[in-house]
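S.K.: One-letter residues, chain by chain:
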Amino acid sequence: MTRHAPPRAGRVASSPWVWLAVALSLPALVPLLATVTALARPDPATLAHLLEFVLPRVAGNTAWLLLGVGLGTALLGTALAALVALCEFPGRRAFSWLLVLPLAIPGYVLAVVFIDLFDFAGPVATWFRGVDGPAMPEVRTLGGLVMVMTLALYPYVYLVAREAFATQGARAIEAARTLGMGPWRAFFHASLPMARPWIAGGTLLVLMETLADFGTVSAFNYDTFTTAIYQAWFALFSTDTALQVAAAMLLLVAALVALEVLSRRRQSFAGVGHGPVARAPLGRWAWCATAACTLVVGMAFVLPVSRMAWNAMRHLADVDARYWQTLANALSLASMAAALTVAAAFVVAMAARDRPGLLTSTTTRLATIGYGLPGALLAIGLYVPVARFSARLSGSFDLGIALQGGLVLLLVAYGIRFMAVAHAPVSGGLLRLRPHLVEASRSLGVTGMRQVRQVHWPLLRGSFATAALLVFVDVMKEMPITLMMRPFGWDTLATRVFELTNEGEWSRAAVPALAIVLAGLVPVILLTRRRGDAA
Amino acid sequence: MRLEVDSAAVGYGARVVLAGVSFTLEPGEIGCLLGPSAAGKTTLLRAVAGFEPLLHGAIRGDATVLTGPGVRLPPERRNVGMVFQDHALLPHLDVLGNVRFGLFRQPRRDADARAREMLELVGLADAATRHPHELSGGQQQRVAVARALAARPRLVLLDEPFSSLDPELRERLALDVRAALKHEGVGALLVTHSQAEAFAMADRIGVVGLGRLQQWGRAYDLYHRPANRFVAGFVGEGVLLSGRADGDGRVMTPFGPVRPRDPAVGTGDEVDILLRPDDVIHDDDAPLQARIVARHFRGAEFLYTLELDDGQRVESLVPSHHDHAVGQRIGVRLDLEHVVVFAREGT
Numbered sequence: 001m002t003r004h005a006p007p008r009a010g011r012v013a014s015s016p017w018v019w020l021a022v023a024l025s026l027p028a029l030v031p032l033l034a035t036v037t038a039l040a041r042p043d044p045a046t047l048a049h050l051l052e053f054v055l056p057r058v059a060g061n062t063a064w065l066l067l068g069v070g071l072g073t074a075l076l077g078t079a080l081a082a083l084v085a086l087c088e089f090p091g092r093r094a095f096s097w098l099l100v101l102p103l104a105i106p107g108y109v110l111a112v113v114f115i116d117l118f119d120f121a122g123p124v125a126t127w128f129r130g131v132d133g134p135a136m137p138e139v140r141t142l143g144g145l146v147m148v149m150t151l152a153l154y155p156y157v158y159l160v161a162r163e164a165f166a167t168q169g170a171r172a173i174e175a176a177r178t179l180g181m182g183p184w185r186a187f188f189h190a191s192l193p194m195a196r197p198w199i200a201g202g203t204l205l206v207l208m209e210t211l212a213d214f215g216t217v218s219a220f221n222y223d224t225f226t227t228a229i230y231q232a233w234f235a236l237f238s239t240d241t242a243l244q245v246a247a248a249m250l251l252l253v254a255a256l257v258a259l260e261v262l263s264r265r266r267q268s269f270a271g272v273g274h275g276p277v278a279r280a281p282l283g284r285w286a287w288c289a290t291a292a293c294t295l296v297v298g299m300a301f302v303l304p305v306s307r308m309a310w311n312a313m314r315h316l317a318d319v320d321a322r323y324w325q326t327l328a329n330a331l332s333l334a335s336m337a338a339a340l341t342v343a344a345a346f347v348v349a350m351a352a353r354d355r356p357g358l359l360t361s362t363t364t365r366l367a368t369i370g371y372g373l374p375g376a377l378l379a380i381g382l383y384v385p386v387a388r389f390s391a392r393l394s395g396s397f398d399l400g401i402a403l404q405g406g407l408v409l410l411l412v413a414y415g416i417r418f419m420a421v422a423h424a425p426v427s428g429g430l431l432r433l434r435p436h437l438v439e440a441s442r443s444l445g446v447t448g449m450r451q452v453r454q455v456h457w458p459l460l461r462g463s464f465a466t467a468a469l470l471v472f473v474d475v476m477k478e479m480p481i482t483l484m485m486r487p488f489g490w491d492t493l494a495t496r497v498f499e500l501t502n503e504g505e506w507s508r509a510a511v512p513a514l515a516i517v518l519a520g521l522v523p524v525i526l527l528t529r530r531r532g533d534a535a
Numbered sequence: 001m002r003l004e005v006d007s008a009a010v011g012y013g014a015r016v017v018l019a020g021v022s023f024t025l026e027p028g029e030i031g032c033l034l035g036p037s038a039a040g041k042t043t044l045l046r047a048v049a050g051f052e053p054l055l056h057g058a059i060r061g062d063a064t065v066l067t068g069p070g071v072r073l074p075p076e077r078r079n080v081g082m083v084f085q086d087h088a089l090l091p092h093l094d095v096l097g098n099v100r101f102g103l104f105r106q107p108r109r110d111a112d113a114r115a116r117e118m119l120e121l122v123g124l125a126d127a128a129t130r131h132p133h134e135l136s137g138g139q140q141q142r143v144a145v146a147r148a149l150a151a152r153p154r155l156v157l158l159d160e161p162f163s164s165l166d167p168e169l170r171e172r173l174a175l176d177v178r179a180a181l182k183h184e185g186v187g188a189l190l191v192t193h194s195q196a197e198a199f200a201m202a203d204r205i206g207v208v209g210l211g212r213l214q215q216w217g218r219a220y221d222l223y224h225r226p227a228n229r230f231v232a233g234f235v236g237e238g239v240l241l242s243g244r245a246d247g248d249g250r251v252m253t254p255f256g257p258v259r260p261r262d263p264a265v266g267t268g269d270e271v272d273i274l275l276r277p278d279d280v281i282h283d284d285d286a287p288l289q290a291r292i293v294a295r296h297f298r299g300a301e302f303l304y305t306l307e308l309d310d311g312q313r314v315e316s317l318v319p320s321h322h323d324h325a326v327g328q329r330i331g332v333r334l335d336l337e338h339v340v341v342f343a344r345e346g347t
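Same order as they appear, the protein sequences are chains A and B.
Going by the numbering used here, the residue at position 3 of the first sequence is 3; the numbering climbs one at a time, nothing skipped.
Going by the numbering used here, the residue at position 334 of the second sequence is 334; the numbering climbs one at a time, nothing skipped.
Just the calculated beta-carbon pair ranges, DEER-fashion:
1) A:Asp354 / B:Ala38: 40 to 46 Å
2) A:Arg284 / B:Val71: 16 to 22 Å
3) A:His436 / B:Gly299: 29 to 35 Å
4) B:Thr129 / A:Glu88: 37 to 43 Å
5) B:Ser164 / A:Val522: 35 to 41 Å
6) A:Trp457 / B:Gly20: 54 to 60 Å
7) B:Leu175 / A:Val446: 45 to 51 Å
8) A:Val446 / B:Arg295: 36 to 42 Å
9) A:Arg284 / B:His183: 42 to 48 Å
10) A:Trp457 / B:Thr129: 45 to 51 Å
11) A:His436 / B:Arg329: 42 to 48 Å
Since the hints were derived computationally from the structure, they do not count as laboratory data.
Remember, predicted model here, so these are calculated numbers, not experimental data.
Beta carbons are placed, not taken as given, at the ideal position from N, Cα and C, and that holds for glycine.
Input sequences plus hints: build the corresponding full structure.
M.R.: Printed below as a string of structure tokens:
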């Protein structure tokens, strides 16, 4: 496309990328506008019902959950990051990446394992009843839920905090110590305040994930906005009510997104160095650090994975034709979504590169906004306008047909939700394709497809693969959108886990859940490998 | 503080990188460790700060052992300030907050006053409320110096302090930092691989390389009386010209006989004589002629590379109005104030 391009000034007016990008970003507006409209013009009767019976309980539940998980992940993530980045203890290098592994296990899978292990009928509680002593604490409570979600989500805080401590925090401690501060004072006065914006950013991501979570809270029978949307839609068959709940939820989403943007703005870099840094030797406390890290990795990864493997072995009969069909469904949905989303992300990134400006930056922001939208909200917000529109076309509003939706609509929903996941690596890859490289190859006579083959593709294929992999795995794990929008017959691993947990078949859920975890491990391992993890 | 480094050895893990380092820095003096990268200079500096252990030897401040066998005073109790290569400013504090950072034991008013005084000293009085990321690299460096000085350290350590800055800025900043240190009357130890920085800042320079401290002395001595070939090659330009000792304290060269200050060579020994470009003078009346093989115009002067009749090459600095072409033969003679002779290796 660059071969016969006239000088830049001559082609300001139009770039095919820009208009294509604008078109691709527009679907993200649909759920947003639908919920905002519902917020602006509520149906009085529905609203009265919600205000009396649903919203107070749901809002209270959500608030407690956010508080608990936010505090839990901030404390656990920061403490582990500080240990690994700033201290020296046996096994530190290995724990640096082992502590990331729980990222591979979705919260709902961890919930299934913990309930299987610790609920009344589970092996631990059974053993407790067999011996005299204190009663086993009930697992399906807010406390249990907070613990499970903290173990599933702390890596978000851990990763960013570790990065902040390793790059700047350790040096900040050294600077503080040459100024006369002891190690603890240096940590609390130099390192921690410096890392605070990153810790806040990681915690806000956790809060957004917590708010968006559907599978974990439903396994714990804990009603939040997402389960309220699901019940209104599939138990009461009232999409209007569901949309109204989503509208209330949107207020919370907007607040969290705003805080996240604010925290990112405060992440300023100054004097990031990579000189040698001495880590604090912990002396006789070193083994306590090792023990703490072992406990976390054990609880959040080793224990659940081995229990799942054990359960899967016991239910090998479940690996039947239906299972293979579910697996095939999940894989093909994930592949299709990955291909489409990466292609769309490439268009959006190319447009922004070709014509940097207000139009393309707005387009990028809109196209990637879906990552902040909880899946349940996105599903109902996308479904209602489309159903109304198709009803107007055919003249009748047939809920049955509309409920089943279509494959295209499901893929569009995935695309909206995960565009940001693909956009980050793709636009990062484009950054590496510096204009000088393209110009240099042109000056050497390498143009057209040859240029694409020899310059663009080698530089971009890595980021394309990363983007596709991330979307693929996210779709494999995705539960609420798939559950609410899948066409008839398109059961996936995630929806199967939901069904089995709904029936209380905790141990049998291990069979589909294990496949999800295996898929999820791939990007986590690649991620830790590429970072080199010298930290 | 009088800093004594006594047969110190440093390294990574158990691997020794630099050993046998001994030198003394008098109170208020600015010292410099000069050498190629990865020579262990920074590790030694960090050992003085207390961040790294010594594998051998000791570091004393005013006769008190800071680091030694079984002793390692923690960094915060040494009262030794440090300016890091990456500045290590705290991004969440403004400039004043950064400079005041080490003054946490003082009342706020005194700390503020001292911090402002230091900002004045480094020429950043009007930047007090700005944040590190709003400053240029040179300004960040000045803040880092002000922060280290504010706490009234007994010694300031500077780790490659100017390497992240533009070359034009370095020398200027080096002189400013030197002035600030001298104003505060505090000694300093600097680590650099740049001879220009070392010469601009330091009173005493130690050349580090090949795992040893090769020479410790004033810049003038390093340049004119290098202790060995490594120092002669690392500091300044020049070539080694071969000659033969005549046993009478003289060395015969293509330019005629020269007399080293220290005639420690026997009759007939093959030796090398260090010739700096300013030792070789262009003189039309000189009996010896040499052919120009390369020329490098530097503005005020030419640096000519000359080939003597026996094939040896020397360099000569010539005022720039002597514009000769490559291939031309010009008259040259020596103007040697310091004759530096090294015995030929392997003989």
